[in-house]
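These protein sequence lines are chains A and B, in that order. Take the first sequence: its letters are residues 1 to 583, numbered as in our numbering. Take the second sequence: its letters are residues 1001 to 1202, numbered as in our numbering.
Please keep in mind that the hints were generated in silico from the structure rather than gathered at the bench. Just to be clear, a hint being listed does not mean it is correct.
Simulated crosslink set (DSS-like; lysine-lysine; CA at most 25 Å straight-line) [to be verified]:
no., chain 1, residue 1, chain 2, residue 2
1, A, K56, B, K1039
2, B, K1005, A, K53
3, A, K64, B, K1002
4, A, K227, B, K1054
5, A, K53, B, K1002
6, B, K1053, A, K57
7, A, K53, A, K162
8, B, K1173, A, K164
9, B, K1039, A, K227
10, A, K56, A, K431
11, B, K1005, A, K164
12, A, K438, A, K64
13, A, K88, A, K293
14, A, K64, B, K1005
15, A, K57, B, K1002
16, A, K291, A, K535
17, A, K56, B, K1002
18, A, K88, B, K1086
19, A, K535, A, K293
20, B, K1086, A, K227
21, B, K1123, B, K1173
22, A, K88, A, K291
23, A, K56, A, K227
24, A, K227, B, K1053
None of these values were measured; they are calculated from a predicted model.
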Amino acid sequence: MTNVVIQMALYCLILVGLAIPLGAYIGKVMNGEHVFLSRILVPVENGIYKVLKVDKKEDMHWRKYAACVGVFSVISLGVLWLILCIQKVLPLNPEGIGGTSWHLGFNTAASFVTNTNWQAYSGESTLSYFSQMIGLNFQNFVSAAVGIVVLFALIRGFIRVKQKGIGNFYTDMVRTVVYVLLPLSLIVSVCIASQGVPQTFRAYDEVDLVEPVVVENEDGSTTEVTKGVVPLGPAASQIAIKQLGTNGGGFYGNNSAHPLENPNPFTNLLEMIAILLIPVALCFTFGRNVKDKRQGRAIFLAMFIMLAAALAVIGYNEQKGTPQIEQSGVVYTGAEDQAGGNMEGKETRFGIATSATWAGFTTAASNGSVNSMHDSYTPIGGLVPMLLMMLGEVVFGGTGCGLYGMLGFAIMTVFIAGLMVGRTPEYLCKKIEPFEMKMAVLVCLATPVAILAGSGIAALLPATADSLNNPGAHGLSEVLYAYSSAGGNNGSAFAGFNANTPFLNVSIGLVMLFVRFVPMFATLAIAGHMAAKKKVAVSAGTLPTHNAMFIFLLIVIVLLIGALSFFPALSLGPIAEYFQMTV
Amino acid sequence: MKTIKSVIPRVAGFFVIMLVLTSVIYPLAVTGISQLFFKEQANGSIIEGADGKKYGSAFLAQQFTGNEYLWGRIMNVDTGTYSNDKGEALMYAGASNKSPAGEELQQMIAERVERIQEAHPDKAGEPIPVDLVTCSGSGLDPDISPAAARYQAGRIAETRGISEEEVLEVIEKYTKGRFLGVFGEPAVNVLKVNLALDGLLS
Chain A
1 MTNVVIQMAL
11 YCLILVGLAI
21 PLGAYIGKVM
31 NGEHVFLSRI
41 LVPVENGIYK
51 VLKVDKKEDM
61 HWRKYAACVG
71 VFSVISLGVL
81 WLILCIQKVL
91 PLNPEGIGGT
101 SWHLGFNTAA
111 SFVTNTNWQA
121 YSGESTLSYF
131 SQMIGLNFQN
141 FVSAAVGIVV
151 LFALIRGFIR
161 VKQKGIGNFY
171 TDMVRTVVYV
181 LLPLSLIVSV
191 CIASQGVPQT
201 FRAYDEVDLV
211 EPVVVENEDG
221 STTEVTKGVV
231 PLGPAASQIA
241 IKQLGTNGGG
251 FYGNNSAHPL
261 ENPNPFTNLL
271 EMIAILLIPV
281 ALCFTFGRNV
291 KDKRQGRAIF
301 LAMFIMLAAA
311 LAVIGYNEQK
321 GTPQIEQSGV
331 VYTGAEDQAG
341 GNMEGKETRF
351 GIATSATWAG
361 FTTAASNGSV
371 NSMHDSYTPI
381 GGLVPMLLMM
391 LGEVVFGGTG
401 CGLYGMLGFA
411 IMTVFIAGLM
421 VGRTPEYLCK
431 KIEPFEMKMA
441 VLVCLATPVA
451 ILAGSGIAAL
461 LPATADSLNN
471 PGAHGLSEVL
481 YAYSSAGGNN
491 GSAFAGFNAN
501 TPFLNVSIGL
511 VMLFVRFVPM
521 FATLAIAGHM
531 AAKKKVAVSA
541 GTLPTHNAMF
551 IFLLIVIVLL
561 IGALSFFPAL
571 SLGPIAEYFQ
581 MTV
Chain B
1001 MKTIKSVIPR
1011 VAGFFVIMLV
1021 LTSVIYPLAV
1031 TGISQLFFKE
1041 QANGSIIEGA
1051 DGKKYGSAFL
1061 AQQFTGNEYL
1071 WGRIMNVDTG
1081 TYSNDKGEAL
1091 MYAGASNKSP
1101 AGEELQQMIA
1111 ERVERIQEAH
1121 PDKAGEPIPV
1131 DLVTCSGSGL
1141 DPDISPAAAR
1151 YQAGRIAETR
1161 GISEEEVLEV
1171 IEKYTKGRFL
1181 GVFGEPAVNV
1191 LKVNLALDGL
1201 LS
């Protein structure tokens, strides 16, 4: 266990150590202040405005901002859906892979446009290089950026006084992509390519197996397979941004567990820190840009406490393993010269500590990439990632959207606390009134409603049973995990579950669109209304939103809404499996 | 509605510019840099023998069942998905996604235990390292833990008629420690050990 604790602690330390300076940098960039990359990037930025005839001083009303976000996302969905369905006739397809079905195309397009990156497809066998590079890679950048720009619109809503505008969609998007996402992706992609992640346009390579594999055919005869395939492609560039943008859709089907996607503990360190880097940094950016760093720290701490608790539970349960693997001591699951514990679905080079940390990071953030198979986690070890998604992806969550989701909960918290002591709720010196509350409820409840309705309907349909990879309680967990993943815009999976059926593709696709855009437009509405309000002075009656009391209340509200909604469902899935395991 | 219509042309233009920047210029730049400086790594890390034969990617597992070879993780071999121009099936593999608390995996592991115990009479009574009886996350895990590698040294030595020390030496040579001594886990590259034992690796 010591090994697990040390590795987890160091990973968190590195993460926060890098996120604090990045937070300050992003804050400056989004305000248009001078940063060290300005000299190179200002001409690029201005060039883009010039071509598009964008007036960078324009301050948009929230409705116009929302219209830009909406139109951009609809175009994205349509173009990506089309690319996937007709990839056979498009270039960069050395393997001659055919187009996807209409429903898989819809699901994948919805999934990438909503920053979910649920994989009903398997990259190397289903998608061409064109689909990956032009289709998915592009959405990895812009869906992440859309989340971030909406957050900044909300931040402006808090700090502006009696103003109509909440910022400029174009300058926000360009700055996010050009100053933040592209430079970080460039660093990460070159580093991981140097370690063995492919970055090429060549066709898949073919190698001679040292020992041929003998396969038994249906008629009893045997075939000898003497060659193996090495799937290649422009992987490194896409993997970097899928980690940084909390996207998570793997270049390869098995995501970052695949040795070509994540060859060693060094690439793993880079890819894993990249999962949470921007979401954590944004907490500090938030404090800086609302001109009260304590507010950012309070939100950060509330999130971090939940993350640390999650890591501890996952790490403990995975290292402990299960009686089914241990076979009464015939199998050695101790940690001498091996990782030990529950190694089913985990890679040797990552072992327990690194796999468990990733599982916590990726479901806390709405990333959803995996470096081990969550379907093969112990019942409680697999429950925690599921719960993190069910909380609505607010424990850091997706880039931007995690934090604005959490701010929805903060508004809810000041409202409930205000009710308890009989005072008008305020947040960051702005009065919270019925309109903001209604919108905050939409932000907070979209996820639980979508997950419970979706998985409930799916569980009732007899055809869903054919998609399961495990029987009994674990089977229900597979369904629940799928809709939690979609409902949290996460994208990780209990991957044994075959989600590539028309019903599942369409219903999961709709859930993803619902939980992405309902809270997003609600947040923009809050931003617009907040910006128009006057500031109220801090008085003795104001509930401080930066102290330990507030952090505690915020965590309680998040758990209250998230966890209690799901307790009945969880007890039929992972909790039931846990008790079956131990008898 | 009017607002929506009014923004369409510029948003569409913006879509195109961003597409070129992030999905054409950026990946091409990374490809250029990688092909220039890390050609081998960026092309799949293929291990080529002296005869020019490609023995595999250093990162992708192959299945070994012969007594003269080091065995890796349990593989879920897939020969149905990929084939070459000549129509020959190509080997690949995937994860099991089995629940570690289920009866199905329990039985599968019990069978694997039996097979492994049979092949290692010199290890009678010793528990089997967990890596040897479980499937990895990718199904293509190129490594095995040092404990699982050493467990097999006696069998490999006996089959090949060499000393156990020699086998252990080769295993040691292809073991990679933790990154910076802390991160990840020590791992033995199975393919490289076997190629070295066969004398195919310089």
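For each hint, the structure was consulted:
1. K56(A) x K1039(B): Violated, because 42 Å separates the two Cα atoms, which is more than 25 Å.
2. K1005(B) x K53(A): holds, 17 Å
3. K64(A) x K1002(B): Within the cut-off at roughly 10 Å; holds.
4. K227(A) x K1054(B): Holds, because 10 Å separates the two Cα atoms, which is no more than 25 Å.
5. K53(A) x K1002(B): With a Cα-Cα distance of about 20 Å, the restraint between K53(A) and K1002(B) holds, given a limit of 25 Å.
6. K1053(B) x K57(A): Violated, because 62 Å separates the two Cα atoms, which is more than 25 Å.
7. K53(A) x K162(A): violated, 28 Å
8. K1173(B) x K164(A): violated, 68 Å
9. K1039(B) x K227(A): Holds, at about 23 Å.
10. K56(A) x K431(A): Distance of about 30 Å is beyond 25 Å: violated.
11. K1005(B) x K164(A): The given pair, whose Cα atoms are some 21 Å apart, holds under the 25 Å limit.
12. K438(A) x K64(A): holds, 21 Å
13. K88(A) x K293(A): Violated, at roughly 52 Å.
14. K64(A) x K1005(B): holds, 10 Å
15. K57(A) x K1002(B): Distance of about 22 Å is within 25 Å: holds.
16. K291(A) x K535(A): Answer holds: K291(A) to K535(A) is near 14 Å, not above 25 Å.
17. K56(A) x K1002(B): holds, 22 Å
18. K88(A) x K1086(B): holds, 20 Å
19. K535(A) x K293(A): OK: K535(A) and K293(A) at ~18 Å, within 25 Å.
20. K1086(B) x K227(A): The given pair, whose Cα atoms are some 12 Å apart, holds under the 25 Å limit.
21. K1123(B) x K1173(B): holds, 23 Å
22. K88(A) x K291(A): violated, 52 Å
23. K56(A) x K227(A): violated, 57 Å
24. K227(A) x K1053(B): Holds, at roughly 12 Å.
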